[in-house]
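Chains as they are written, first to last, in our numbering: chain L, 1308 to 1627; chain S, 1308 to 1627.
Keep in mind the hints are simulated off the structure, nothing from the lab.
Take these hints with a grain of salt, some might be off.
For identical chains, the list gives no copy identity; a pair is met inside one copy or between any two copies.
Said to hold, decoys possible - Calculated lysine to aspartate or glutamate pairs in the DMTMM-like style (CA-CA distance at most 25 angstroms, straight line): (1) K1532 <-> D1488; (2) K1565 <-> D1578; (3) K1565 <-> D1411; (4) K1542 <-> E1593; (5) K1597 <-> D1578; (6) K1565 <-> E1311; (7) K1433 <-> D1411; (8) K1565 <-> D1581; (9) K1425 <-> D1488; (10) K1400 <-> E1596; (11) K1495 <-> E1414; (12) K1565 <-> E1414; (13) K1597 <-> D1581; (14) K1565 <-> E1417; (15) K1400 <-> E1417; (16) K1565 <-> E1625; (17) K1601 <-> D1578; (18) K1532 <-> D1567; (19) K1565 <-> D1397; (20) K1407 <-> E1538; (21) K1438 <-> E1378; (22) K1601 <-> E1625; (23) K1565 <-> E1484; (24) K1597 <-> E1521; (25) K1597 <-> E1625; (26) K1400 <-> D1488.
These are the residues of each chain, in order.
There are 2 protein chains.
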Amino acid sequence: MITEITAQELNTESFISGKVMEIKETVGDGTAINALSGGVDSSTVTMLGHRALGSRLRTVFIQNGLMREGEAEQVVGFFRELGVTVEVIDARKEFFAALKGVTDPEEKREAVTQTFYKNVFGRIVKQSNAKYLLQGTILTDVDETVAGIKRQHNVFEQLGIDPQQVFGYRIIEPLIELRKDGVRKVGKALGLSAELFERIPFPGPALAARVIGEVTPERIETVRKTTVIVEKLLKDTGAFQYMAILHEDRVTGMRDGKRDFGLQIEVRCWDSIDARTATPTRLPFETLEKLSHKIINDVPGVVSVTYNIATKPPSTIEAI
Amino acid sequence: MITEITAQELNTESFISGKVMEIKETVGDGTAINALSGGVDSSTVTMLGHRALGSRLRTVFIQNGLMREGEAEQVVGFFRELGVTVEVIDARKEFFAALKGVTDPEEKREAVTQTFYKNVFGRIVKQSNAKYLLQGTILTDVDETVAGIKRQHNVFEQLGIDPQQVFGYRIIEPLIELRKDGVRKVGKALGLSAELFERIPFPGPALAARVIGEVTPERIETVRKTTVIVEKLLKDTGAFQYMAILHEDRVTGMRDGKRDFGLQIEVRCWDSIDARTATPTRLPFETLEKLSHKIINDVPGVVSVTYNIATKPPSTIEAI
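For reference, chain L alone in the conformation it holds in the complex (with noise of 0.2 angstroms):
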């Protein structure tokens, strides 16, 4: 039913004016509201509408606590940089609270959908005037839902549920005939910085997918902390997507010629086009020798670090 659009086949300028054209007719004189991650599709969404809404799209950027170092900051600093006021909602306990005791990989990807949902945006949006929701729905999104990989908690649409009956508002989803190296194409075209666009993908649950077992603010804060270090090792490998993943199980080590029963820090690094297949990036080992390295002398309570080499599939991109 969704025509894709190859990245091949794709003509920016025609695609940028038809999307502002279309996001203009369907808003008229309405307001329309989004939430912006930084992550390429909601940034390329928000330029979208910024160009055909100006100020009636109002952008907001929900801090719930399980963002990367200093992640608020700079997003809101780079659309600064294009003009874009982004208004920054502290929602940190609230998610901290959504997600307490829950261990469960679904349920735990439900607590952050229904507290971002429901509680935080949904009380944002009823609150506003806005009657349309901008959202970064991008092709593979819809593929991986429909095959029950993962809940996506942006196509409601494509799962048979009205979004206008849920939350009040309709959707409007503009990339949806893409896939991630398309909407880096209008990314660009759209001016977002190299910096911006080229970011690795993250996924919605930010680093609360990063976590295996609880989410608690120490534990979001050790793989935080992890994430800055495995970032700035592997940003010039050229690698599709990098990840630092906390096991919940703990492992034997020994400091200070005592045991020390502690944490375990998976690395993940992924060769791949789109997505949908990937395999583990041949990084040489002084490169990972540096990792473990840095890892364990930087991240209090870290004794143990692996790299991940299964494939994707049966792997995925994410630990859970």
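Chain S: place on chain L using the hints.
Then chain S, alone, in the frame of chain L:
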């Protein structure tokens, strides 16, 4: 209190004749018993004991259900060729019953140790007339217990527990001044085949030490199948030790287009001289990929494989 004999200064012939004489003098015209695991230490002790006592040493191999594929048959066969009869005791039910519901690594180790000594071996010793127990304790076992890193089941004496009081026998530890490399030299001089005495070290709790979380017959079977693959593919690497670890954490996978919340295997392969410090072997990526593919294809339920990249310290050789 124990003076180390390094592998370099070790004169195997005079060491062996000295120990054979000591064992003869200690046991007198009594009988001795020992438990053979198939590792270098217990194999070497078995040969020393048989040289000293002949048929007055009774050697038992306790099948705890936690062994590697075909291990009991293989070990018994090796010794049969050397003219040594080894008696196999099937105690699988007792071990799995003791491990049921146990997830804490210390409690797991304790369950295996207690079942081995108190229940199974203790019973055999009490039912036999043997007053002397030969044990393959080496100097590294003593070091590590003193440092509190691992509970070693074979160092009661060093821990101040009188074994005569505990189990009603006296312990003879002929290898206690040696480290692993010294034991290998002695084993070789005693005629142990390269296949046997060069076997990679294996922990006391056997495959139970390779399972994070609860040990069940099914989970042991998973790690046993994986161990066959890992040992086959890594045996020619010249590495000090290599192993497969089944994690308790589950990760997302995808099979036949459907979500499959599956198992993760961690592979460790160590370069080391004496196990006191160790670094991950720089395996070629072709080998890592072959490992991962074979494990995922041949071992039911596994969707993800990692390779450990941490050094000891702060990591340890075994995960639990």
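Evaluated hints:
1. K1532 <-> D1488: neither (29 angstroms within a copy, 40 angstroms between copies)
2. K1565 <-> D1578: between (39 angstroms within a copy, 22 angstroms between copies)
3. K1565 <-> D1411: Cα proximity of K1565 and D1411: across copies only (18 angstroms, versus 33 angstroms in one copy).
4. K1542 <-> E1593: both (15 angstroms within a copy, 24 angstroms between copies)
5. K1597 <-> D1578: This pair counts as both: shortest intra-copy Cα distance 20 angstroms, inter-copy 17 angstroms.
6. K1565 <-> E1311: between (58 angstroms within a copy, 22 angstroms between copies)
7. K1433 <-> D1411: Cα proximity of K1433 and D1411: none, with 30 angstroms in one copy and 49 angstroms across.
8. K1565 <-> D1581: Only across copies: K1565 and D1581 sit 18 angstroms apart there, 46 angstroms inside one copy, limit 25 angstroms.
9. K1425 <-> D1488: neither (31 angstroms within a copy, 64 angstroms between copies)
10. K1400 <-> E1596: neither (37 angstroms within a copy, 43 angstroms between copies)
11. K1495 <-> E1414: neither (36 angstroms within a copy, 57 angstroms between copies)
12. K1565 <-> E1414: Only across copies: K1565 and E1414 sit 18 angstroms apart there, 37 angstroms inside one copy, limit 25 angstroms.
13. K1597 <-> D1581: Answer is between: at 24 angstroms across copies they meet the 25 angstroms cutoff, but 28 angstroms inside does not.
14. K1565 <-> E1417: between (40 angstroms within a copy, 19 angstroms between copies)
15. K1400 <-> E1417: Close inside one copy (17 angstroms), not across copies (42 angstroms); limit 25 angstroms.
16. K1565 <-> E1625: Between copies only: 15 angstroms across, 34 angstroms inside.
17. K1601 <-> D1578: Classified as both; 23 angstroms inside a copy, 20 angstroms across copies.
18. K1532 <-> D1567: within (20 angstroms within a copy, 30 angstroms between copies)
19. K1565 <-> D1397: neither (41 angstroms within a copy, 36 angstroms between copies)
20. K1407 <-> E1538: Neither: 28 angstroms inside a chain and 41 angstroms across chains, both beyond 25 angstroms.
21. K1438 <-> E1378: This pair counts as neither: shortest intra-copy Cα distance 28 angstroms, inter-copy 69 angstroms.
22. K1601 <-> E1625: both (22 angstroms within a copy, 21 angstroms between copies)
23. K1565 <-> E1484: Close across copies (23 angstroms), not inside one copy (57 angstroms); limit 25 angstroms.
24. K1597 <-> E1521: Result: close neither inside a copy nor across copies, 28 angstroms intra and 33 angstroms inter.
25. K1597 <-> E1625: Intra 23 angstroms, inter 22 angstroms, cutoff 25 angstroms: intra and inter.
26. K1400 <-> D1488: neither (35 angstroms within a copy, 56 angstroms between copies)
When the structure is compared with the earlier hints, violations turn up for hints 1, 7, 9, 10, 11, 19, 20, 21, 24 and 26 and for no others.
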